[in-house]
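The listed protein sequences correspond, in order, to chains D and X. So for the first sequence, this note's numbering puts the first residue at 1; every next one is plus one. So for the second sequence, this note's numbering puts the first residue at 1; every next one is plus one.
Just to be clear, a hint being listed does not mean it is correct.
Derived DSS-like pairs: lysine-lysine, alpha-carbon spacing no greater than 27 Å straight-line [to be verified]: (1) LYS6/D <-> LYS116/X; (2) LYS123/D <-> LYS116/X; (3) LYS120/X <-> LYS116/D; (4) LYS148/D <-> LYS64/X.
Listed below are several chain X residues computed to face chain D (Cβ distance under 8 Å; list not exhaustive) [claimed, not checked]: (5) ARG126; (6) ALA134; (7) ARG186.
Negatives, chain D to chain X, calculated, CB over 10 Å [to be verified]: (8) THR86; (9) ARG131; (10) LEU182.
Derived by calculation from the structure, the hints in this document are not laboratory data. Treat the numbers as computed from the prediction; the structure is a model and nothing was measured. Every residue gets a Cβ at the ideal spot worked out from N, C-alpha and C, and that includes glycine.
There are 2 protein chains.
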Amino acid sequence: MSEQLKHHLNKVVEITDEEFPSILEYFETVKLKKKQNLQQIGQVCHSNYFVEIGCIRMFFVNEKGIEQTTQFAIENWWITDYLAYTFQKESEFTLQAVERTTVLSIHFQAQEKLLKEFPKLEKYFRHIYQRAYAASQMRMKFMYDFSKEELYLHFNKHFPEFVQRVPQYLLASFLGLTPEYLSEIRKKSIS
Amino acid sequence: MSEQLKHHLNKVVEITDEEFPSILEYFETVKLKKKQNLQQIGQVCHSNYFVEIGCIRMFFVNEKGIEQTTQFAIENWWITDYLAYTFQKESEFTLQAVERTTVLSIHFQAQEKLLKEFPKLEKYFRHIYQRAYAASQMRMKFMYDFSKEELYLHFNKHFPEFVQRVPQYLLASFLGLTPEYLSEIRKKSIS
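Required output: the full structure, derived from the provided sequences and hints.
As C-alpha cells, then:
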C-alpha cells in the first residue's frame, strides 16, 4: 500500500480509505537499480511515473554523443516526457535511476480510465502540472538571467539536500558546466 | 459572447449553450493598445489570461536594465506568471501587448469559484497545463542542445507565421540574440 501516494493525493483532493485501493490498482510498482533505465530514447512513452523512493533523471544524447541531463525527480515528484506521453509517441529522452529507486508507474490508457472513474483526480493532476509549469517558467528565467556560477549558487541555496545527494558529474551536466568547473565553484563558495 | 473561448473549452470538455454564459461571467474582457502592460513586475499576480486577439509577451528586466522576453502567447493561449499566480504573490515578470490585443482575464478567486461550479473544467485546465509543461520540457532541451542559430531555424520552421508577426527585436530578445545577429542569420537562411 503506497501511503505516500495517498498522502500526496490528499494534499489536493480527499481520497477515502475505501477509494484508495481502487486507485492504486491502476498503478504498477517498478523497482530500479542504480543507473537502470525506466524508459529509453526512441521508445513510445507509455507511462507517467510517481517517485516513491530514490531519484530519476531525464536526459537526451547530444550530437557529440554526450548525455545531457535536463531534469531530476525525487520523492513525491511526477516525471515523464510529457509531449511523447500526451501524444503517445516516441520519446527523445531516457529516464534513468540515479540511485536505487522505486516508482509507481501508470500507463497512458490506465490514467485515462482512472480519471474517468475518479474525476476528482483531474484537480490533483491540474495542480501537479500547474506547479510544474510554474517552476519551468522560473527555470527559463534563470537560464536567461544567471551565469552558470549563479545558477549553481541559486540551486545550492534552494535545494541544498539535492546538491548533496546527486552525483557531481550529473549536477554539472544539468547546470551545463564541466565537472571540473563545478568543483572550482564549490570550493570558492565554501571558502 | 466569446465564441472563441467556448470553442477552445469544447476541444476538451463539453460545454452546453446554457452553461457557457455562466462560465463567461467569471471573466472580464481587457482591451490593450500596442505596448500597454497587462500586469507589471512587483505587482501581485491576480489573474490568468486567455488571449482572444493579438499577442502578449512576458519579460523580466535583467541586471543591465534590459527587458528579456521569455515567452509569447497568441490567440487561444493562456498566459500568466504561474508561480506568482498560484501563490498570489508579487510577480517578477511584466505582461505586455505586442500589438493591439484583447484578453479574457480571470481573477484567482474567480477561477477557484468557477472550478467549484463547473468541476469538469478541471479537466480542461489539466490539459492546458499538461501541454504547456510538455512544451516547456522540449524548449529546455532546445536551450541545452541548439546553438542560437539552430534555435532560430527551428523556430522559423515550426512557427513561420509567428516569426513574421513578432517584431524582430523582440524575437531576437526571446532567442537570446542581438537584433543584428538575428538579421544576419535571416539573410543567410533566405539566400
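Against which earlier hints does the structure fall short, listed by number upward? 7, 8 and 9
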